[in-house]
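Enquirer: Keeping their order, the protein sequence lines are chains A and B. Per this note's numbering, the very first residue in the first sequence carries number 661; after that it's consecutive. Per this note's numbering, the very first residue in the second sequence carries number 1003; after that it's consecutive.
In case anyone wonders, no lab produced these hints; they're calculated from the structure. Careful: at least some of the hints might be erroneous.
Stated by the list, open to error - Restricting the straight-line Cα-Cα distance to at most 16 Å, the calculated cross-link-like pairs of lysine to aspartate or glutamate (EDC-like) are: (1) K747/A to E684/A; (2) K731/A to E713/A; (3) K747/A to E1082/B; (4) K1308/B to D1112/B; (5) K1089/B to E684/A; (6) K1149/B to D1112/B; (7) K747/A to E759/A; (8) K1149/B to E718/A.
Claimed, not checked - A few chain B residues facing chain A, derived, Cβ under 7 Å: (9) L1104; (10) S1106; (11) S1114; (12) A1127; (13) I1128; (14) L1134; (15) L1135; (16) I1224.
Ideal Cβ positions, reconstructed from N, Cα and C, are used throughout, including at glycine.
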Amino acid sequence: MERLLLIALVGSVTAVLLRAVRTEYAVIVGIVTAVLLLVFGIGSFTGIASVFERACTEFGVSSALPASALKILGLAYLTDLGVNISKDAGQQAIAGNLELGGRILIVSCALPSIVSLLETGAGLIRETLT
Amino acid sequence: MNRAVFLLTVLLLPLCFASVPEKAGDAAEALVASVDLSEWDDWFTQNTEGIAFKPSDFLRRTVNAEQANDPDAWKKAALEVVFPSLKTAIQYGMLFLGLAVLASVLRGLDTSSATAETAEIAFRAIASTAVLLVVFTEIRSASLVLKRVTNTSEVLLPILLGYLTLGGMEHSAAAIAPLFSLLSDLVLNVFSRIVVPLAAIGGVLLALDVSGNGNLHPIGRILIRGAKWILATVCSVFLLFSVFRGATAGSADGFLLKTAKLALGGIPAVGGVVTESVETAYQCLMLVKNALGFSAAALLVLIAVKPVLSAALMRFALRGASALCEPISGRPYAELLRGLSDTMQVIVLAELASLAMALFALSPVFGVGRFS
């Protein structure tokens, strides 16, 4: 946590100082800081993900489900990161398009799970009725 | 006609025991040997998922008041049933909490952004699928329990009827026959064809409400509540019916035997001896009958105990996870777990009610012939 705090603090101060001199450098510092925060944050997240994956395997839940869940989380965070960077750089149109692309990717990732949810529900009802 | 057959049985039985009236235990053992429980033994071995219990052996031991080879066998069996179910429930809890923690990661995103909203819906679909798959396994096992109780009742009935008729307890035999047929034809059918499907459909509707706007929640909740009402109504009707049928049967049989005893006691010179023999023979019959009833009850309980316990613990795991998840992952996910825990509650109640009613249907076997 201290590391994350330090990176955020240094990145923010540097970006603020650079913005007065060269705006493009401030944007680059912002990107690097955001990526570093994400990378260090993900380090502790892998522990949670592996516990979840193990629990799913133990109960016969398809391994595609935890994989899709993690993919959705990753896509959501990357899209959010990209959108925020684009907005910081003043590129609203790029931010909007990136958001749309991210949402389409998330939906396409979740589609098999939604189909699986419908199939499981239908299977459960069919089995209890017969 | 029934009375004539009964009196004949009562009059003939003392002749069987007259030679050794003091060895009531031997007579009871002979009676036990005449009851073929191999079908129960086979049925039990096939249906109890590894619980070491043999009805015929249990009956013999009960009649002879013998200690089991291993006095701690029951304790060990209980531990074997409880610990794996508890472990599974804890793992379920871990799975649900893991899902909640993952869902909470999404809350780190700007909640007003469209990406966060889409990701949350997508993630909820995945979480719903995972939880529904786990609940599916439990509902499948509950349907199996209902089928097993139905089939076990069908296996128990002919032996119990045969034995009660042999012992002259025809009123009781006449009482349990319709009770068991009501149980397997109506009650268990209503449970497995209406109550469980309604609860399952309710649970599925709650799980399908992935957008979190709660449109499907009211319908799901109504279906689950409806399933509970049907369950309660069927139970009440069955209990009322069984009380009316069973209450009179035992008294009728007891009264008939007491009359026979008094009539025999009135025979000059030999009346007292014959009455004593009748008493000994009748006590043997009662001993075997009660042991047989207890074996049947143990058979039913042991067949259902493991799945019922597992479903009950699953319900508590869902409920506990829902309470723990609410502050971590937000209301919609907690609502999903709470809704599915309600579905599981109906399933557990249906399993317990079917077991309780099967035991209640057996009550005339325990209750008849209590007279002095």
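Enquirer: Failing hints, ascending?
Expert: 3, 4, 5, 6, 8, 10, 11, 16
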